[in-house]
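Chemist: Chains Y and D, in that order, give the protein sequences. Residue numbers for the first sequence follow our numbering, beginning at 18 and rising by one. Residue numbers for the second sequence follow our numbering, beginning at 137 and rising by one.
Calculated directly from the structure, the hints in this document are not laboratory data. Mixed in with the good hints there might be a few duds.
Unchecked claim - Straight-line alpha carbon distances no greater than 30 Å define the calculated DSBU-like cross-link-like pairs of lysine-lysine that follow:
no.	chain 1	residue 1	chain 2	residue 2
1	Y	Lys-197	Y	Lys-142
2	D	Lys-160	D	Lys-171
3	Y	Lys-197	D	Lys-313
4	D	Lys-313	Y	Lys-158
5	Y	Lys-186	D	Lys-142
6	Y	Lys-158	Y	Lys-142
Treat the numbers as computed from the prediction; the structure is a model and nothing was measured.
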Amino acid sequence: MESARPQEDLADLLRRSGEGDREAFTVLYNRTSAKLFGIICRILPSRELADEALQDCYLNIWRRAGSFDPEISSPVTWMATIARNRAIDIRRLGAERVSAGSDDALDELHSLDAGPHAAAERTEKLRLLVHCLEQLPRDAKDMILLAYFHGWSRQAISERLERPVNTVKTLLRRNLALLKGCLDGSE
Amino acid sequence: MAANDKNSERDALAAEYVLGTLDKTEREDVERSLKTDETLRRAVADWQEKLSPLLESIDPVPPPPDALEGVLSRIELESGGPATANVVHLKRRLAVWRGATAAAAALAAGLALYIALPGAPAPQGGQFVAVLESKDQDPAFVASIDLTEGTIAIVRLASQPARGRSYELWALGAGRKAPESLGVINASYKIPVQQLGATDRASLRETVFAVSLEPEGGSPTGQPTGPVVFTGKIVPLSQGDK
């Protein structure tokens with residue numbers, strides 16, 4: 018994705034896609050599909066399914082581009098939400114393979130602090146979010162990240178972290194509220 | 137106090153909705169409410185923005201090179217575009233069905249549209265499709281039979297049976313004295329072709345598939361007890377199989 022171009026260009030491409038402009042839509046696809054595919058691949062283990070999810074997602078983006086409101090969200094967030102939702106829907110239809118790759122998932126999450134996205138490159142928003150996530154108990158932080166990055170259900174989380182499903186729900190809610198408090202408190 | 141509780145309950149729902157951890161019923165409830173509940177919509181949008189910085193840390197992955205073609209051909213299909221788009225679209229679908237370990241109900245929507253178009257060309261042999269429909273409704277199931285792989289994949293497109301009821305799939309004709317149950321249809325499933333009994337093309341072409349509405353879990357008697365709601369016959373996908 019070309020970081021030199023501002024997000025306003027994407028909003029314009031979305032607007033034109035909403036008006037039926039297939040060329041604008043193709044440009045939009047070329048500039049955003051790798052990012053969305055990266056998001057989808059973390060949620061769906063099979064490349065064939067990830068491919069289908071990507072196509073479904075861009076079809077939805079095409080259909081709904083006319084309703085995108087730049088006042089409410091940024092283009093990438095809007096598109097990424099469509100991608101995540103579709104990938105999670107498809108994931109829920111299949112059997113979730115909790116044990117396979119789950120240790121990788123947690124290792125990867127814990128390297129969120131180190132790794133290629135070094136602190137210096139992060140946006141302030143990400144730094145704040147990481148800071149607030151760090152304030153949460155370890156299990157709660159893991160749950161949130163497993164769900165967000167990998168699309169895990171309460172059931173899958175419950176199995177991996179060896180906590181009852183209802184506990185997962187309670188912990189999620191309590192800690193999401195704490196997270197919000199930390200994020201809102203810093204504004 | 138009550139207002140605060142309601143707010144935090146609504147916010148918790150919004151947060152888990154964005155995270156993706158709501159169960160199916162909760163999710164459907166939220167989606168319904170989003171249509172009319174402005175406060176909920178704002179809460180959901182707020183949570184999306186709050187969590188979106190995490191997306192920064194996800195590395196881009198180049199998608200398959202023909203994915204764009206797939207998207208554009210679907211757009212063409214929707215707008216009733218040229219027939220060439222269909223062949224591309226169908227090729228992709230079949231490749232996915234062979235490889236996918238978990239079929240999604242929506243995957244077949246394009247395939248059904250394709251099959252429904254008269255005179256559509258088809259690329260490969262060994263595959264048959266039955267589109268199950270009723271007079272009054274759009275196609276509801278697609279059964280894809282792959283003789284090379286030896287499987288039948290059933291995909292439900294739209295209809296949901298009423299609570300407490302299940303759809304059950306039957307095979308009729310081709311020498312059968314009575315309808316033969318192929319099992320209760322969940323969102324999607326695959327069964328081995330051998331269960332059909334007949335695997336030669338001629339018998340397959342005489343087979344009629346039917347879906348009946350049964351008590352939850354399927355017919356208690358081994359024969360259809362409820363109304364037959366959808367039927368369909370096999371269509372060969374390749375001209376060479378006629």
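Chemist: All the hints need checking, so say for each whether the structure fits it.
Modeler: Evaluation of the provided hints:
{"no.": "1", "hint": "Lys-197/Y with Lys-142/Y", "result": "13 Å, holds"}
{"no.": "2", "hint": "Lys-160/D with Lys-171/D", "result": "17 Å, holds"}
{"no.": "3", "hint": "Lys-197/Y with Lys-313/D", "result": "65 Å, violated"}
{"no.": "4", "hint": "Lys-313/D with Lys-158/Y", "result": "60 Å, violated"}
{"no.": "5", "hint": "Lys-186/Y with Lys-142/D", "result": "17 Å, holds"}
{"no.": "6", "hint": "Lys-158/Y with Lys-142/Y", "result": "17 Å, holds"}
Hint check: violations occur at hints 3 and 4; the rest are consistent with the structure.
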